[in-house]
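Letter by letter, the chains look like this.
Number of protein chains: 4
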Amino acid sequence: MRTLTPDKPRCHCGVFGIFGHPEASVMTYYGLHALQHRGQEATGIVTSEEVEGRHRKRFNVYKGTGLVADVFRDEKILKTGLSGMAAIGHNRYSTTGATDNKFNIQPFTVNYKGGNLALAHNGNLTNFKRLRAELQNDGVIFQSTSDSEVILHLAARSRKTEQVLQIKEALDAVTGAYSLVLLTDTSLIAARDPHGFRPLALGKLADAYVVASETCAFDIIGATYIRDVAPGEILVIDEEGMRTGRLRSLWVSRKPHEHHHCIFEYIYFSRPDSKIFGENVDRVRRKLGKLLAQESPVRADGPDDRVIVISVPDSSNTATLGYVTESQKSGDDVRLEIGLIRSHYVGRTFIQPDQSSRELKVKSKFNTVKGVLKDRKVVIIDDSIVRGTTSKQLVKLIREAEPKEIHFRVTSPPIRYPCYYGMDFPSRDELVANRMDGNVERIGKELGADSLEYLSLEKLLEAAPAEGAKKYCTACFSGVYPVPIEREAVKDENDR
Amino acid sequence: MRTLTPDKPRCHCGVFGIFGHPEASVMTYYGLHALQHRGQEATGIVTSEEVEGRHRKRFNVYKGTGLVADVFRDEKILKTGLSGMAAIGHNRYSTTGATDNKFNIQPFTVNYKGGNLALAHNGNLTNFKRLRAELQNDGVIFQSTSDSEVILHLAARSRKTEQVLQIKEALDAVTGAYSLVLLTDTSLIAARDPHGFRPLALGKLADAYVVASETCAFDIIGATYIRDVAPGEILVIDEEGMRTGRLRSLWVSRKPHEHHHCIFEYIYFSRPDSKIFGENVDRVRRKLGKLLAQESPVRADGPDDRVIVISVPDSSNTATLGYVTESQKSGDDVRLEIGLIRSHYVGRTFIQPDQSSRELKVKSKFNTVKGVLKDRKVVIIDDSIVRGTTSKQLVKLIREAEPKEIHFRVTSPPIRYPCYYGMDFPSRDELVANRMDGNVERIGKELGADSLEYLSLEKLLEAAPAEGAKKYCTACFSGVYPVPIEREAVKDENDR
Amino acid sequence: MRTLTPDKPRCHCGVFGIFGHPEASVMTYYGLHALQHRGQEATGIVTSEEVEGRHRKRFNVYKGTGLVADVFRDEKILKTGLSGMAAIGHNRYSTTGATDNKFNIQPFTVNYKGGNLALAHNGNLTNFKRLRAELQNDGVIFQSTSDSEVILHLAARSRKTEQVLQIKEALDAVTGAYSLVLLTDTSLIAARDPHGFRPLALGKLADAYVVASETCAFDIIGATYIRDVAPGEILVIDEEGMRTGRLRSLWVSRKPHEHHHCIFEYIYFSRPDSKIFGENVDRVRRKLGKLLAQESPVRADGPDDRVIVISVPDSSNTATLGYVTESQKSGDDVRLEIGLIRSHYVGRTFIQPDQSSRELKVKSKFNTVKGVLKDRKVVIIDDSIVRGTTSKQLVKLIREAEPKEIHFRVTSPPIRYPCYYGMDFPSRDELVANRMDGNVERIGKELGADSLEYLSLEKLLEAAPAEGAKKYCTACFSGVYPVPIEREAVKDENDR
Amino acid sequence: MRTLTPDKPRCHCGVFGIFGHPEASVMTYYGLHALQHRGQEATGIVTSEEVEGRHRKRFNVYKGTGLVADVFRDEKILKTGLSGMAAIGHNRYSTTGATDNKFNIQPFTVNYKGGNLALAHNGNLTNFKRLRAELQNDGVIFQSTSDSEVILHLAARSRKTEQVLQIKEALDAVTGAYSLVLLTDTSLIAARDPHGFRPLALGKLADAYVVASETCAFDIIGATYIRDVAPGEILVIDEEGMRTGRLRSLWVSRKPHEHHHCIFEYIYFSRPDSKIFGENVDRVRRKLGKLLAQESPVRADGPDDRVIVISVPDSSNTATLGYVTESQKSGDDVRLEIGLIRSHYVGRTFIQPDQSSRELKVKSKFNTVKGVLKDRKVVIIDDSIVRGTTSKQLVKLIREAEPKEIHFRVTSPPIRYPCYYGMDFPSRDELVANRMDGNVERIGKELGADSLEYLSLEKLLEAAPAEGAKKYCTACFSGVYPVPIEREAVKDENDR
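Protein chains in written order, with the numbering used here: chain H, 2 to 497; chain R, 2 to 497; chain B, 2 to 497; chain L, 2 to 497.
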């Protein structure tokens with residue numbers, strides 16, 4: 002039995018927080034449900050509850066492996082076990098095989114001299130190996146293998162007396178990508194790294210404040226989007242209201258500070274109905290399809306020929322619409338068709354037969370609609386190619402439906418570099434674009450397509466709105482890293 | 002906590018059988034996975050295994066509640082526990098709340114004088130209450146509340162000496178809808194009622210024969226479709242090969258026998274990538290959309306106006322394509338858009354907040370893509386309306402995205418009558434078309450739409466291929482029942 | 002991993018029933034808890050509950066594998082799930098390995114033409130194979146492999162119109178051993194076979210009637226013992242009160258009817274604090290020890306020598322007291338000591354190391370108290386020897402504590418014949434008394450004891466009170482069977 | 002539902018360790034099984050395993066709530082999951098209700114700068130609140146609420162470079178009671194506090210060394226007892242063999258160092274077949290009974306009168322033997338009888354009926370043997386009385402069997418003071434000896450006995466062997482604490 006390793010980069014996490022709601026845990030449950038696509042292997046909720054006769058809050062914790070709806074299947078957990086007016090929650094991918102992996106499920110909760118503290122983190126710290134080694138050398142014991150735990154130890158060891166300053170001191174010491182929500186005895190704190198790699202939005206639901214990785218988590222509970230938590234901002238929400246602060250690095254930096262949002266959020270991670278980095282994801286994705294049609298059209302062979310465009314559902318549906326609309330401007334008979342059906346009942350394990358068909362894995366997820374494809378020129382739109390394994394099997398599957406030709410179009414450039422800011426790629430050697438030395442023609446042959454084209458980096462950046470300090474991180478395509486990476490991390494990556 | 006009662010008619014079951022494959026259980030697992038949409042609450046597999054030194058096969062059984070991928074999560078169950086060269090499997094909806102409901106999970110397996118016998122049934126027997134009462138009166142003890150158990154008792158009590166004749170005698174006694182697979186010590190038997198209400202296809206995988214409710218179960222394992230099991234046919238597959246027989250009622254009937262396939266299979270139940278009743282589902286569904294556009298178009302208000310057509314994903318996607326393509330012929334600016342995003346992580350329970358938003362239930366499944374809908378004339382395409390509750394909440398949800406108008410179009414006629422042949426509707430009083438006395442305008446107002454139109458029964462029948470004996474059951478729309486219903490069943494329905 | 006097969010004959014079951022108590026399920030829970038020693042692998046409770054607006058009772062069922070306290074760990078099951086004023090319950094050993102063994106857990110519950118019927122059975126029917134074959138031949142489907150199910154089918158097929166007569170007709174058809182409790186829509190029925198093989202007592206708790214295998218189940222809930230259910234009696238308890246009837250065989254028999262109580266109940270099965278067959282178990286067991294001391298004393302080697310008598314705890318404790326008291330009359334220095342400590346935490350599985358000590362199994366249950374045994378003449382008292390495996394390992398264990406001599410004394414005769422009335426022995430070939438051809442000296446050598454003596458059959462019968470029709474079944478010692486055994490059953494036993 | 006709170010002081014834990022055995026985990030499993038009486042609510046095993054190509058060992062961990070045989074029911078866990086040549090294990094009582102209680106199950110395992118470290122602890126540290134506060138103040142984050150975690154943090158923060166010196170530095174900082182086993186990447190370490198409060202024995206099994214709380218854990222696996230780990234000793238066992246060291250406090254102390262073994266281990270905690278503090282528990286317990294008979298005999302009323310002595314099984318069985326033997330010297334007719342039967346099937350929860358009998362709780366554990374007690378002068382021997390609740394109900398239960406008189410004798414003095422060294426008593430206000438101001442007559446009346454006598458402290462100390470530095474802690478009886486208690490701990494106790 003092998004774990005289903007989807008042929009997509011994986012986002013590490015989704016975070017959610019709410020302060021001042023009588024059903025904080027139920028709202029968090031729905032928020033996490035809406036963010037399920039950002040992490041499907043483990044989830045947890047922490048609430049802070051006032052207890053009569055105790056001056057500190059009681060922190061209630063419930064975590065488990067599986068989908069949000071499975072872990073919190075028992076309504077009593079939410080309604081009785083997780084009482085309280087404030088809550089934070091987290092979705093994640095679990096580390097595989099570790100016997101102690103329960104320790105890696107977030108939110109992390111600790112009790113230290115400053116009281117209770119819970120943390121949920123989306124992103125990746127780039128200097129955590131060094132910080133961890135320094136702390137260990139100083140006698141600190143780590144419970145998890147997560148980079149996020151470093152923040153807690155740094156805060157606990159701060160000599161500041163005010164809790165928010167302890168946390169600020171900790172954040173000033175770490176580099177890399179983080180969109181954080183923290184719960185303390187008195188407040189909900191949201192913070193985002195100075196580059197703003199990962200999204201983090203602020204909203205309002207009646208008298209309560211909410212923060213979430215994506216705005217789709219607001220829609221589900223009926224909350225209103227206010228604004229994004231700004232890169233480098235630290236927001237404290239308590240009974241007094243909301244206060245904002247800035248991380249030290251923003252104060253000391255001389256040159257104007259630039260943001261580097263993860264452009265892959267627009268390409269694949271975020272839900273199309275979310276608004277992130279100030280723009281609707283749906284709109285960017287449609288533009289990606291449009292620009293790709295301009296760059297790499299597939300033309301009909303004549304007036305009687307028809308080109309069929311199909312999406313790899315569901316992540317490429319919106320871009321496919323853009324591609325078709327743009328293509329139709331050519332006057333060719335270009336039609337959108339539903340040529341692939343996706344099963345949404347895929348389980349956590351894939352059972353491989355001892356013999357027979359190797360395609361069972363892709364077939365357990367996709368099936369073709371035969372009549373639609375037969376004898377047609379078929380364009381497949383996908384958002385990205387990572388290992389290429391699934392793409393190759395998809396082409397083979399479609400080939401069985403006997404199309405005339407298969408043209409593969411990708412709404413992003415070839416992925417060639419690792420991400421150190423919170424995406425989880427396979428090792429470089431497994432990336433098909435690296436294995437084929439970036440030679441698109443060779444990749445196309447490897448996939449078995451009659452043609453293959455990627456969107457250019459230039460057009461990709463054209464699709465994403467940018468103005469002033471607003472820039473994007475394109476490291477996985479370009480190898481240009483906005484934040485320097487620890488040598489050890491790079492070495493690790495090569496060793497994998 | 003309440004069970005999520007989807008606002009769709011529910012199919013009772015999917016069945017699968019295979020004979021002569023060394024990994025019969027794994028193939029059945031994948032077959033059931035492909036048929037998951039036909040029943041998601043319980044599943045089971047039975048295999049027959051040769052045991053050295055025993056002249057009868059050993060029957061291995063594993064059943065449980067939940068999705069196929071969950072129940073059979075442990076690979077050992079399939080590979081070690083369910084050995085054998087032949088297998089049958091079943092997906093179903095469980096009866097709710099019954100303390101003894103484990104007894105209702107199929108396949109049923111019994112040991113009787115004729116040896117082992119396992120049965121999986123899709124459909125509904127119309128005379129089972131009378132048969133059950135007669136059998137009970139005769140001293141028979143029932144283990145389940147399922148109508149399917151009647152068949153087993155009838156076969157066990159038959160005085161015939163050959164097993165297939167015992168089963169034939171049982172089937173000659175029952176009326177109604179059944180697509181059956183049975184496993185005996187020596188054979189796999191497939192049978193279908195004379196009307197052919199439910200689909201049942203026959204295929205081949207190397208040396209093995211396979212039968213399944215839909216052909217998508219063949220695609221996943223790479224089996225080839227041969228033909229449908231004919232209405233009134235009983236197929237015996239054993240080591241000698243395949244033999245066919247006919248049910249007695251076909252011999253004694255004077256008038257030419259007509260089939261009555263369930264037309265709802267085309268509208269909603271079956272997967273678009275399946276071929277049933279001799280036609281690709283995808284093709285029929287596209288035609289439904291096309292005919293609906295002809296009957297009930299939505300026109301632009303002028304040359305500068307744009308009409309947006311959105312689907313209620315995923316079941317209406319194909320019909321929506323048909324609707325859009327046909328509408329564009331008018332010359333209006335009619336565009337397909339992705340206006341609703343569906344979450345596929347919905348769990349088995351819905352946790353209702355104590356206060357606040359009533360729309361959480363629909364929002365936990367759907368969200369709108371705001372920019373797309375704003376200020377537009379929006380057409381929503383759905384395949385059917387049952388209670389109307391979800392449709393109403395959908396309209397409300399879309400209204401929040403501030404469209405100019407909302408026009409609701411349904412690719413089937415109003416549902417007004419109960420189904421006694423294997424679909425599970427709510428009681429008649431809950432059907433919105435009944436509550437509004439079939440007045441479409443009133444229903445549209447109830448839903449909050451600016452206009453509402455259903456496809457006519459006439460056009461529905463036009464979309465489904467018919468020739469010779471090939472007819473359709475439209476009872477749920479027309480009230481015309483091809484097989485008489487027991488008085489008691491009718492009474493029951495009214496009493497619910 | 003192997004199941005711990007204790008080296009003792011195993012009783013099949015304990016039964017309990019109560020009628021007319023507002024907390025019938027809780028009382029049954031405690032009754033079954035007190036009867037836990039009669040069956041530790043599975044347990045179940047059925048209650049009948051009045052439901053407003055229904056003329057028949059609702060039968061609530063909960064069954065599971067494990068100890069009573071584990072299966073009913075969740076208080077809600079008892080207090081909410083198993084409401085009702087009447088209940089029956091059952092403890093049993095599960096059949097091993099059967100994939101369908103859940104079907105074999107009692108009470109069995111069926112719904113038939115006469116209404117609801119639940120049954121719990123202690124004992125073994127001797128003609129059930131024939132009856133089962135006849136019924137199967139007649140078209141009956143069996144759900145379990147249990148002999149008890151035959152009774153339900155016979156009752157369901159009876160043409161009598163009154164339910165109690167249907168049950169009486171069924172019981173008149175079966176032979177062998179049965180102490181039964183049945184629950185119907187209106188009554189609790191208790192019945193005992195004409196020989197009275199297994200015990201069954203009747204008691205009262207306030208306004209409620211109770212029946213149980215042993216009186217210790219009355220003590221725990223504070224019920225008062227009234228009398229035994231008589232051999233051949235059928236007792237009907239309902240809202241009118243209690244009626245008694247006799248089985249037909251008692252009416253038609255010409256010769257005076259003799260009872261044949263299982264004498265092994267006194268030797269080992271029943272708890273010492275119970276009263277069965279009209280006598281306190283404790284009193285009989287003490288007498289067994291006394292008579293054994295008279296028949297097979299162990300004398301001191303001189304006035305300075307001391308004889309140490311130890312019990313194999315806990316089942317032989319009482320008999321050991323009797324042995325010591327009688328032995329002290331000789332004037333020798335004979336002392337009772339606690340030489341073996343028994344662990345009560347033994348689990349359901351025994352984990353065998355790959356190498357090393359073979360004695361781990363017995364050591365996981367027993368340890369010696371070293372100082373007590375060293376250099377002493379040690380007498381071990383055990384109630385019975387079956388396979389001899391545990392006894393042999395016990396002797397070896399004690400030998401390690403360096404006693405002067407080890408004398409093994411058994412408070413019953415050698416077991417040489419199978420039981421067909423409800424005890425579960427290993428096959429005849431595994432009985433050490435058979436393997437050694439009944440040669441006591443050889444058995445003693447096999448065990449490694451310096452001497453071995455069994456109680457004689459004559460003295461065994463002297464210890465158990467007998468008068469009039471009150472006789473005992475001694476088949477396992479003598480081979481004399483009071484009820485003829487079906488040829489097929491005998492054959493089966495030999496084949497095992 | 003309430004947890005069964007036994008009316009006995011509870012020992013916190015049992016520990017076991019083994020180094021150099023190919024089946025280290027299986028041996029630990031059996032060792033923990035033999036120590037089950039020292040902690041029945043949670044258990045865990047850690048092994049260290051050599052992994053090819055890694056210079057550090059892999060530490061495998063498995064912990065769970067429940068009995069040893071339940072937690073490790075799956076043989077694969079032991080044989081595959083817990084490979085390695087060295088292991089430590091722990092049994093404990095879980096803290097109740099804490100949501101994070103999983104963190105409190107031992108062994109604790111951490112990875113720190115010195116490598117892997119696992120710890121299992123029996124006892125209680127008296128200065129841990131101060132140490133914990135200091136550490137927290139220094140920025141340390143605690144995962145559990147256990148005092149044992151302090152040791153790990155102290156070792157991790159030590160500036161020593163050798164691991165054993167880090168651990169020694171940690172132990173030099175803590176005070177109170179500890180019998181410890183630790184597992185490092187290269188060794189097994191055993192350590193005992195200078196007073197030797199809790200037992201810890203050293204043994205050998207072929208080439209492997211073993212350490213365990215009691216010698217009964219050696220007997221089960223066939224290991225040989227070598228000697229006790231000495232108070233204040235720290236033993237390092239690695240591939241080189243065994244080295245011994247002494248804690249610093251022993252070097253700096255001027256006055257001769259005295260041991261203070263917990264005398265309650267002899268009275269109740271330890272198994273009678275164990276040897277602890279250099280003496281067989283069985284022998285001490287018998288002497289307790291003998292001395293009690295001398296101090297507080299119960300005489301027959303005349304030559305025809307018989308005195309019956311019964312034990313509260315099983316913990317008082319041995320002492321009862323001593324009491325009876327001594328009493329018989331008077332020439333009176335004094336007899337040992339089995340008057341109470343104990344059920345060993347008691348579950349983890351007690352289900353209270355809504356009404357009726359309050360005695361169900363005690364009756365679910367004990368039943369009387371009626372005939373034995375009737376009209377007799379009955380002496381009950383118990384090892385201790387804590388709350389008095391169970392004792393009172395026992396007296397009531399026995400009274401129902403209609404004895405002439407009931408005389409309660411306790412083989413230890415009244416318990417009046419809390420234990421800070423590893424026993425778990427209820428609060429002082431719940432101790433019956435405190436509630437009755439130590440007035441034995443009043444306590445006797447409260448229990449409903451005709452007389453009550455405790456063993457004197459003087460006689461208790463006479464029973465336990467003492468020589469040279471070997472002394473006993475009697476704090477729970479005398480209030481004299483060998484190690485000073487932190488003020489805060491005392492305050493806590495009063496507040497409970």
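Quick caveat, the hints were computed from the structure, so don't treat them as lab data.
There's no promise every hint is true.
Since copy identity is lost for identical chains, a pair holds within one copy or between any two.
Taking lysine-lysine pairs in the BS3-like style, the calculated list, with each CA pair at most 25 Å apart, reads [what the hints assert, rightly or not]:
#1 362 - 161
#2 77 - 362
#3 58 - 161
#4 375 - 205
#5 397 - 205
#6 362 - 80
#7 77 - 371
Predicted model only: the values in this text are computed from it and were never measured.
Status of the hints after comparison with the structure:
Proximity of residue 362 and residue 161 under a CA criterion of 25 Å is satisfied in neither setting, with 54 Å inside one chain copy and 46 Å between copies. Taking the closest pair of Cα atoms, residue 77 and residue 362 come within 25 Å of each other only across two copies (18 Å); inside a single copy the shortest separation is 37 Å, beyond that limit. Proximity of residue 58 to residue 161 under the C-alpha cut-off of 25 Å is restricted to the intra-copy arrangement: shortest distance 21 Å within a copy versus 39 Å between copies. Taking the shortest alpha-carbon separations for residue 375 and residue 205, only the inter-copy value of 22 Å comes in at or below 25 Å, while the best intra-copy value is 51 Å.
Taking identical chains as interchangeable, the C-alpha atoms of residue 397 and residue 205 lie at most 25 Å apart only when they sit on different chains, with a minimum of 21 Å there against 48 Å within one chain. For the identical chains of this complex, residue 362 and residue 80 are inter-copy neighbours only, at 17 Å across copies versus 39 Å inside a copy, given an alpha-carbon limit of 25 Å. Neither within a single protomer nor between protomers do residue 77 and residue 371 lie at most 25 Å apart by alpha-carbon distance, with minima of 47 Å and 34 Å respectively.
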